[in-house]
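Asks: Protein chains in written order, with the numbering used here: chain R, 120 to 467; chain U, 120 to 467; chain H, 120 to 467; chain X, 120 to 467.
To be clear, the hints were calculated from the coordinates, so they are not data collected in a lab. As the structure is a prediction and not an experimental result, all values here were calculated from the model. Possibly wrong hints are sitting among the right ones.
When chains are identical, the list treats them as one kind, so a pair holds in a single copy or across two.
[Unchecked claim] Below, computed lysine to aspartate or glutamate pairings styled on EDC-like, alpha-carbon distance capped at 20 Å:
hint: 1; residue 1: 165; residue 2: 405
hint: 2; residue 1: 343; residue 2: 391
hint: 3; residue 1: 163; residue 2: 405
hint: 4; residue 1: 165; residue 2: 407
hint: 5; residue 1: 343; residue 2: 430
There are 4 protein chains.
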Amino acid sequence: MRTIEVGILGGTGMVGQHFIRFLQGHPWFKLTWLGASDRSAGKKLKDAAGWRLEGEMPAAAGEIVVSDSKPRNAPRLVFSAMDASVATEIEREFAAAGHIVVSNSRNHRMEPDVPLIVPEVNPSHLSLLPVQQRNRHWSGMIVTNPNCSTVVLTMALAPLVQFGIERVIAATMQAVSGAGYPGVASMDIVANVIPFIGSEEEKMQQETQKILGSVENGQAAPLKARVSAHCHRVPIVDGHTVTASVEFSSRPGIEDVQSAIESFCGVPQQRDLPSAPRKPVIYMREQDRPQPRRDAGRENGMAVFVGRLRECPVLNVKFVACGHNTIRGAAGAAVLNAELMVSEGLLD
Amino acid sequence: MRTIEVGILGGTGMVGQHFIRFLQGHPWFKLTWLGASDRSAGKKLKDAAGWRLEGEMPAAAGEIVVSDSKPRNAPRLVFSAMDASVATEIEREFAAAGHIVVSNSRNHRMEPDVPLIVPEVNPSHLSLLPVQQRNRHWSGMIVTNPNCSTVVLTMALAPLVQFGIERVIAATMQAVSGAGYPGVASMDIVANVIPFIGSEEEKMQQETQKILGSVENGQAAPLKARVSAHCHRVPIVDGHTVTASVEFSSRPGIEDVQSAIESFCGVPQQRDLPSAPRKPVIYMREQDRPQPRRDAGRENGMAVFVGRLRECPVLNVKFVACGHNTIRGAAGAAVLNAELMVSEGLLD
Amino acid sequence: MRTIEVGILGGTGMVGQHFIRFLQGHPWFKLTWLGASDRSAGKKLKDAAGWRLEGEMPAAAGEIVVSDSKPRNAPRLVFSAMDASVATEIEREFAAAGHIVVSNSRNHRMEPDVPLIVPEVNPSHLSLLPVQQRNRHWSGMIVTNPNCSTVVLTMALAPLVQFGIERVIAATMQAVSGAGYPGVASMDIVANVIPFIGSEEEKMQQETQKILGSVENGQAAPLKARVSAHCHRVPIVDGHTVTASVEFSSRPGIEDVQSAIESFCGVPQQRDLPSAPRKPVIYMREQDRPQPRRDAGRENGMAVFVGRLRECPVLNVKFVACGHNTIRGAAGAAVLNAELMVSEGLLD
Amino acid sequence: MRTIEVGILGGTGMVGQHFIRFLQGHPWFKLTWLGASDRSAGKKLKDAAGWRLEGEMPAAAGEIVVSDSKPRNAPRLVFSAMDASVATEIEREFAAAGHIVVSNSRNHRMEPDVPLIVPEVNPSHLSLLPVQQRNRHWSGMIVTNPNCSTVVLTMALAPLVQFGIERVIAATMQAVSGAGYPGVASMDIVANVIPFIGSEEEKMQQETQKILGSVENGQAAPLKARVSAHCHRVPIVDGHTVTASVEFSSRPGIEDVQSAIESFCGVPQQRDLPSAPRKPVIYMREQDRPQPRRDAGRENGMAVFVGRLRECPVLNVKFVACGHNTIRGAAGAAVLNAELMVSEGLLD
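Bound conformation, chain R alone (with noise of 0.2 Å):
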């Protein structure tokens, strides 16, 4: 396998450094491109920015000399961890100039022309790309991963989508690491619960269906389930954890829905992609289990932990579900992305 040179746009930034820690000893991926604002282009990043991350900026991004945010020289793959205010503008230029844009930010997710993609969930929405191409004139493309909650939930919730979700209720409690630096006051969560997440509840709410609906005549096609999230900070490190209830169609027991849950397996397992997981979802039988300081970070943070499966008084079943947010729940996600792109032929 060739080595494929990729870029960061948003590289100074703490969403970046997750790229570019995710990046380190990537066997397909090498990183050879930051883009940023004019403010740090020119400079080195270890001039430009300190680095927010456990251990030390690994040196051999901090001699990368930053540009600015054009498409000029920037290579064919882009991963974009721009922020969602400036990221419009620049990510569509990067696609019209003909590069593959692999975003984080939030904001084409929505758009019914681009895929919204979780790899073992639903990598056939990829089909929307030669739709998108054409509506928009673009040699390149753009595809995105959902929101860091999101994905914990989605991916808890598709191996039930075969039993007809109807309705779904979810309550989180998320890290302060998804908030970015400096993020959260440390005054407002110190000790403290904060019930309120801007624009977290209505993301989690229309990502989750479009990312487990389909594509139908060269469109996004969102889950006709309703859901319902209720979005809290709380204070630890990395790990979101989310607890829900569905109710299905089809009433499955709880021992199908187990079931379902263990042998769940999803296109980038099967293509043994690099940085999928052995498995993406796993099942904790231990009662007081999953726990974001203690399994979020297991799997290399790729895997989405579930538990705590039990009938649910009001709808059908309830479970906690536990996945790490700035790697599979962001940069990570991105990379698998990526990953199924070039599996798919679409890099060649």
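Go by the hints and put chains U, H and X onto chain R.
Replies: Showing chains U, H and X alone in chain R's frame:
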């Protein structure tokens, strides 16, 4: 008003200490007796137990010589802060011996002739007491208050009973103080979420139905609404947060629901009981409130705070509620129950 | 006693909010004026700023129309809660215009003719004020209180000055509330220690020498003791902990030191000033106290708690001290300074 | 290299679990035996104990049938993770029966013929072993590693011994994982600092002197430096932070000290032992590092990180150090001791 002497069963434990603190300076009740295990009996409180709460042990309480858990010299009104493993027999023995046992323990809560009271919500359930005395041939009686998370939910729901509650899905984020001492190991909860609290979901589901229900034919008649609880421990000190989605038979609008909450008032407020908060349920209009660290302790920890009332795409409305688990959810709940009973003449 | 109108410079910031809360219900001082930047001027406080502290904005304060930071209509006594970046010029302008500026800002603390006061420790340093007025041709004056961690250390050391303090090594564990709002990013401090707080060590070293020193020839004459500080941020909400090893010229025994701490009393106590704690320094005999969450807020947050007095194998004695950083270390410190000044007739 | 079978005494406890995890995939040592109390003996580990660490119990270890704590069938090399309350007699029994006991327990650390080893600091102290065997008529032997906070301090000081260490004052901020399981109650430590850890200060003072000392006449001869420790628990998961002021007889400059730290290397590095970090002490130049959450786990948790080297106004220099308490401070320390012993031919 004359002073009423009171005792505390389980007076050396952490819940007992919350009672001691809450009763300090009480205008009606004077703490004169503490019952505990034989191991502590005969010692002054200050020699029998370390003080686990903020500040120092109240000096007067520290001088009380702890008794064994026998009715003998105890005052007529006794609060029970006993561990569930021992409460059943001892509470019955006290009731049989003529004592009024106002218990925070879970042991008798679900018995059909034992009132499970939140004074603002179901004061009329005290009418079970003559039945209880008759059934059990007791000269005394047992009255209970609910589990700490149930108090928060039922107070938030009380103003909404008029709309015909049919289904409730609730998720909690509970403080470590709710687990007593030593309670939750710090290795389990620092920077973590534990998605399980033993028996908590069952308690929340059943107790809510009983409290919001009625008394029929001398028995508690639980509300026929379906209730589903998801319970979680989070790394905060005090204050339980409950997020809920609710379905009503009468389909009220958001404004009707908010108006019902804001105008809600109860018997403790009407009678100006000493521990009654001015308003039992306080609606907060800020988009990110209530929060446990900033709100639970307001109004002496006796009010419940509700916020973020909005439409639920799955049921009808959703909101978040927060209250102080060791005050409104335990010691303060029991003391307010006793005040209600005094105001009903039950101690005359 | 007549009521004295007071204002707050920097009234919309987080330190300003601590002043607003501390002044609520003050028996001598009535808050009537708030100064802030031009951006806030002309708005009611409730429209100019969100409330960051527990509970809700005091209603009366919320109705005050914010002024710009000009002396014009401000009352004679003004507390300064301004950010250090702007305090120098504005405080001088107010003092020149005849105002008594009682400042929590660091800007003027180390000037030799500006009193840096802890009322229990060095009230006599107010004698610098006539010199200051002469030096600067001011009809008003500036009085300062120390940095939040310095207050804790100097109050613990004040009873020990009599033994001849020669060397002090202190290490701090400081709460996030000491950094203002938004202050420390939660990604930096949740489940972490940050071993650096900008300028804090220098402030603690120099301010301690000035406060424990004397006034000679109309100038502050710092104590010649050597002081070394190690400052750290830890993930707690309120309360700074300071651990210290001290060397004395007179080599007192542990009992002498403890007895000096326990019998310590100051001018605010003798004069029964409204915000004075009953005892300024409270010695705790429990082996694991004081603790910030359990102790810092006691005595209205105005006392300093000391414990674990024992021999130091390197210097003479060591101990741990703890106090409330936003009350005794900031707003309460300044208000007590103002009360001391009133009691000295400086506002007549 | 042949594989060496190893056992763990105290294999069901939390420290034992750290050993199990650390030994996973070890190139020299293969875990085949676990000793524990009679209560666990005869059960498979997975049935005898819950897994307290991140992730799940390693499957192979889970299948080991736990033995009682008798030498009988144990392998020659045994790690001791036993609680101090039982370690003394059992460790001696194993050493008498010919076993090489590499102990993390405190019980034998301070005996003059028992090596207390940090392999990078005092490998030559292994020369006590023949004396120990002679003194005690043992065919086996006991080797110990220090307390978790002592490891961090002594590794930071080791490069500085050449300057003549005369006095050290250290203050620690220690993680909850250092207290085992259930260890610290969450009610004591969430949003709090506990300024006391039983016996910790004495251990840190004495063990530091022994480790930095020499062997004279077949006995450990402690360094004559005076050491004073202040120990505190803070609400973090892993990683002990130690801040220190040090006085040297040779009065080196800051650059000399930093250069000594940066060039420091030890026997484990020279011999390339499997668990040796590339550099034992890593100096960080950022002004706010090292930090426990961001640094302690780097280099597999086996390095100690030092930063903020600067002049101390009281002694000569001060700095902050940080290391992983359950790895470099416990299980990893013992395993590296065993590797050192293998490299010395002590297991031949």
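Asks: Work down the list of hints and note, for each, if the structure agrees.
Replies: A quick look at each hint next to the structure:
{"no.": "1", "hint": "165 x 405", "verdict": "between (44 Å within a copy, 12 Å between copies)"}
{"no.": "2", "hint": "343 x 391", "verdict": "neither (32 Å within a copy, 51 Å between copies)"}
{"no.": "3", "hint": "163 x 405", "verdict": "between (48 Å within a copy, 17 Å between copies)"}
{"no.": "4", "hint": "165 x 407", "verdict": "between (42 Å within a copy, 17 Å between copies)"}
{"no.": "5", "hint": "343 x 430", "verdict": "between (23 Å within a copy, 18 Å between copies)"}
When each numbered hint is compared with the structure, a violation occurs for hint 2 only.
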